[in-house]
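Enquirer: Each chain, letter by letter, is given below.
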Amino acid sequence: MSKRIGIEVSLAVAETVGLCDVDVIAAYPITPQTHIVEHLSELVADGHLDAEFVPVESEHSAMSACIGSSAAGARTFTSTCSQGYALMSELCYIASALRLPIVMAVANRALSAPINIWNDHSDLMYARDTGWIQLISENGQEAVDMSILAFRIGEDKRISLPVQVNLDGFTMSHVIEPLSIPDAQEVRKFLPPFKPALRLDPAKPVSMGGVGMPDIYTECRKAQDEALRASKPVIQEIFDDFARQFGRQYKLVETYKTEDADTIIVAIGSIAQTAMTAIDSMRARGRKVGIARIRVFRPFPAAELVGAIGGAKNLVLLDRSTAFAGGEVSGPVALEVKSALFDKGFSPKVGNFLVGLGGRDVTGQNFEEMVERVASANNGDIPAYEFINVRE
Amino acid sequence: MGIASEALKNFKGFNLKNLPEVEPLSPGHRACQGCGEVLALRQALKAIGNNVIVVSATGCMEIVTSPFPQTAWRVPWLHVAFENAGSVVSGVEVAYKSMNRKKIIDQPDVTFLAYGGDGATADIGLQALSGALERGHNFVYLCLDNEAYMNTGIQRSSSTPFGASTTTSPPGRKSSGQATWKKNVVEIAVAHGAPYVATASPAYPIDLMNKVKKASLVPGPTYIHIFSPCPTGWRCGTEESVAIARLAVQSKVFPLYEVIDGEYYLSRRVTKPKPISEYFQPQRRFRHLTEAEVRFIQERVNEQYEKLLQKCRVQDGK
Amino acid sequence: MAKETGIKRWKELNPGMAVTSPGNAAELKTGDWRSMQPETDRDKCIKCGQCYIFCPDMVYSKDEDGYYVQNYYWCKGCGICAKECPVDAIRMLQEVD
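Protein chains in written order, with the working numbering: chain A, 1 to 392; chain B, 1 to 318; chain C, 1 to 97.
Chain A with its partners taken away, still in its complex shape:
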C-alpha cells in the first residue's frame, strides 16, 4: 500500500528509482541534483537497493558508462542538469540512436555564463533535439510517478528509447512535499523486468555503433524518427495503465479551465502550478483564462496541443530559456506551439514571454500582467518575445 509521507522531492525520486530495481547507476554530482545521487548511493550502501553505483569522474563518463551498461542489458539510471548535461550531450544523441532505454532525472538548471545554479529550462531545451523522450513533472508527486513511468515507457519494446524525467531544480528538488510513494510490490506489478531484444552477450555476438556511410545514414535516421513518432500513442497507453493501477491519470497535454477560455497560457514545469493559482484568482474576477500544460515535450504532442488551445483568442506562451535567434523569432516553446498552429486555420494573438530565467520567481501578479498585455494588445503590436520583470 502506498504510504503518504512528507519528503524532499529529490529523496522521493531516489527512493522511487530504488523501487524500480535499477541495476546500475553511474552519476556525477551537480547542484541541484546532488541529493538524488547521494540518496541513491546511501540506498546501495545500506543494502536497500541491489545495484552498482559508479561514482564516475565526469558527466561525460556518466553517460558513457550508462550506454555501456544499458547495451549490456542492465536497467540503468543517471541524473544531471545544466553544465553536466551540456558536457554529456554528445553522448545523448548516441544513446537514443542506439535505442538504449536509459532513464535520466534532470533537475533543470540554468546554463552558464554567468554561472547560475538555480532553476530554468535551458538544459531542457538544449536536450530537445537529441532523440530522447522528455517527460515533465510539475510537483513532487509527478516527479515520483514520472520516474516509474520513464522505465516502463523506455523499456517498452515498441519504443526502446532513453527517457528524461524533468523536475525543476531547487524549486522542486529541494522542497519537502506530502506525497505517496508506492511500495515495491506495486511497482513490480507495473514494471516488468528489463529484457532487451539485443544486448552485448558473448553467446549471441552483435556489433553496435558502427560506421554509417552516406548511403545508409538516412535510413538509420528514418528508423529512429519512426520510433520516436510511434512512441506517442504508446506513452498515452502506458499513462492510462498507470491510472488504472495507481489512480493518477496523466495526459500528453493537460488542461485546466480551458473549455471556455478566451486566453490560454501554455507553460511547462512547476511554473504552471503557480499559473493555475493565478488563473483561479483571475476567474474569480471574471477573466476567462485557462492553461495547457505540456506533460510530454518530446515527442511533441502537436495534435493534442492544437486540440486544447485552438479555440482561444489570445495565447500567452511562456519560455524559461532563450533561443538566441537574434530578436525576431520567438523562444523555443513558442516556436513549437506556433509551428503546430501554423496551417490549422487558427489565428490567435500570441505573446511570448521569457520568464523565470536563472531561478527568478514568477508571481501570480506577473501572470495577470502577461494575460492583460496580450488581451489588450492590437494585432501586430506584440513583439516576437519579451522579457518580463527585467530591470531596464
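One should not assume that every hint holds.
[Unchecked claim] 27 Å max Cα-Cα, derived DSS-like pairs, lysine-lysine:
| no. | chain 1 | residue 1 | chain 2 | residue 2 |
| --- | --- | --- | --- | --- |
| 1 | A | Lys-204 | C | Lys-29 |
| 2 | A | Lys-232 | C | Lys-62 |
| 3 | B | Lys-274 | B | Lys-182 |
| 4 | C | Lys-8 | A | Lys-157 |
| 5 | A | Lys-222 | C | Lys-11 |
| 6 | B | Lys-272 | C | Lys-62 |
| 7 | A | Lys-313 | A | Lys-222 |
| 8 | A | Lys-251 | A | Lys-288 |
| 9 | B | Lys-97 | A | Lys-195 |
| 10 | A | Lys-222 | A | Lys-189 |
| 11 | C | Lys-83 | B | Lys-17 |
| 12 | C | Lys-83 | B | Lys-12 |
| 13 | B | Lys-103 | A | Lys-204 |
No lab work stands behind these hints: they were computed from the structure.
Given chain A, work out where chains B and C should sit, using these hints.
Expert: What follows is chains B and C alone, placed relative to chain A:
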C-alpha cells in the same frame, strides 16, 4: 602476495606449438595493406578467445572493422565515441557484475576488453581511462599506439615520438617535426596502482599474446601498451610493419617489460642494441632529421633505457 | 557499400543499427586490392607458422599436411609474410590480371 602475482602464479603461456586457433576478428576488414595495428589487435584477440565483450574507441580499428551493415567482429562489440572507451567499458563491466549478482544472468567469466589508439588513450581519452583505472573495474585496456592520429590524416598526438613528421608537426624552416617527447602512459597506469601493466609488440607475438592473456586473468584494471606500425602514416613499405616493430625493440626505442603489482620485469634484454638510425631508416617520417638531431635522440633513448633497467628487478624475462 | 551487402530499406534495420551477423565483413573481396601476391615454395617451407601469425588479414590456414595455405579472396598483397619468412620460402609475384 599481490593481486596480479596471486592470479598469475600458475600461468602457462602460449608457444609456437600451441597458438590459439580462434579468430575473433574476421578477414574482409578494411585496414590498409600491412597494417601493424590490426595485426596487433588480431593477436591480442586470439589470446583472449570468444568469451569477451569488446569496447572500441573511435579510430582506425573502429572504422575498418565496422562498415555498417557489415562487421568484422565475431564477438560482441560496442563503439560509442572517441574519448570514452575507459568509461564505456566500466559501464559494461558493472552491468555484468550487477546482473550476475542479482541472478538475472549467469555469465561470471566474461573478459571486458577496451581498446583505443594513442589519441583515444593518451590525449582525448586520458580522463576516462584514469577514472576507470582509479575505480578499479575489472577490464583489459589495450592502447594500440601508431604514434599519431592516423585515422583523421596523420596528425600528431602526445604519443608521437620526438622529431617525427606528422601533418600537424611538419618539419620546415622553423621546425624539426614533433618538438616534445612521447607521453609515458605506461607510467600513468602504474601510478594508478593497476596490478598488471605491460608493453608489447606484434613482432613478438608469443610475448604479446601471453601478456594479453595474463592481463585477462588478473582481476582489476590492466593496461597494455602495444606498438603498432603504420605504413601509411610512417611512410614505409607495407611489408615492413613487423620488421620495424622488431627494430623498435632491438634499438631500445620500445622496450618490452611488465609491471606486476608495481614491480618491473624486463621481458627481453637487448644485449646488442641496434643504433636508432637503423630504426629510422625505413621510415620517411624521420628522414628530415640531421645527424646531430639523431644523436640527440639516441642519447635520450639510451638514458631512458638505463632508467628502466634500474627499476627492473628481473632483466631477462623470468 | 549498402548496395553491395543488400541492405536498402530502413525497415530492414535492427533497432539501434545493431549488426547481428558476426563477421559478415568477410563477404568483401579485399583480395581485389592487391597488385602482388605471395606464393609459397613447399620445398623450402619449414611449417614454422610465422606467415600465419604475422598476417594482418588472417589469410593463412593450416592444411592437413601442416603447410600454411593462402586464401586469395582476402589477401591484400602487403608482403609481410614474404619478408618475415625465415627461410625465404615465400615470394611476392606480380598479379597476372
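Enquirer: Taking the hints in turn, state whether each one holds.
Expert: Against the structure, the hints:
1. Between the alpha carbons of Lys-204 of chain A and Lys-29 of chain C the distance comes to roughly 26 Å, so the proposed pair stays at or under 27 Å and holds.
2. Between Lys-232 of chain A and Lys-62 of chain C the CA atoms are separated by roughly 57 Å; this puts the pair beyond 27 Å, and the hint is violated.
3. With a C-alpha separation of about 20 Å, the suggested pair Lys-274 of chain B and Lys-182 of chain B falls inside the 27 Å cut-off, and the hint holds.
4. For the given pair, Lys-8 of chain C sits about 24 Å from Lys-157 of chain A by alpha-carbon distance, which is consistent with the 27 Å threshold.
5. For the hint pairing Lys-222 of chain A with Lys-11 of chain C, the CA-to-CA distance comes to about 9 Å; that is within 27 Å, so the pair holds.
6. A threshold of 27 Å between alpha carbons decides the hint, and for Lys-272 of chain B with Lys-62 of chain C the separation of about 35 Å lies outside it, so the pair is violated.
7. For the suggested pair Lys-313 of chain A and Lys-222 of chain A, the alpha carbons sit about 37 Å apart, so the restraint of at most 27 Å is broken.
8. Taking the CA atoms of Lys-251 of chain A and Lys-288 of chain A, the gap is about 23 Å. The hint holds against a cut of 27 Å.
9. A C-alpha spacing of about 17 Å is found between Lys-97 of chain B and Lys-195 of chain A, which places the hinted pair at or below 27 Å, so the restraint holds.
10. Between Lys-222 of chain A and Lys-189 of chain A the alpha-carbon distance is near 34 Å, which puts this suggested pair outside the 27 Å criterion.
11. The hinted pair formed by Lys-83 of chain C and Lys-17 of chain B meets the criterion: a straight-line CA distance of about 22 Å does not exceed 27 Å.
12. Restraint check: the Cα-Cα separation between Lys-83 of chain C and Lys-12 of chain B comes to about 30 Å, which exceeds 27 Å; the hinted pair is violated.
13. A hinted pair counts as satisfied when its Cα atoms are at most 27 Å apart, and Lys-103 of chain B with Lys-204 of chain A qualifies at roughly 19 Å.
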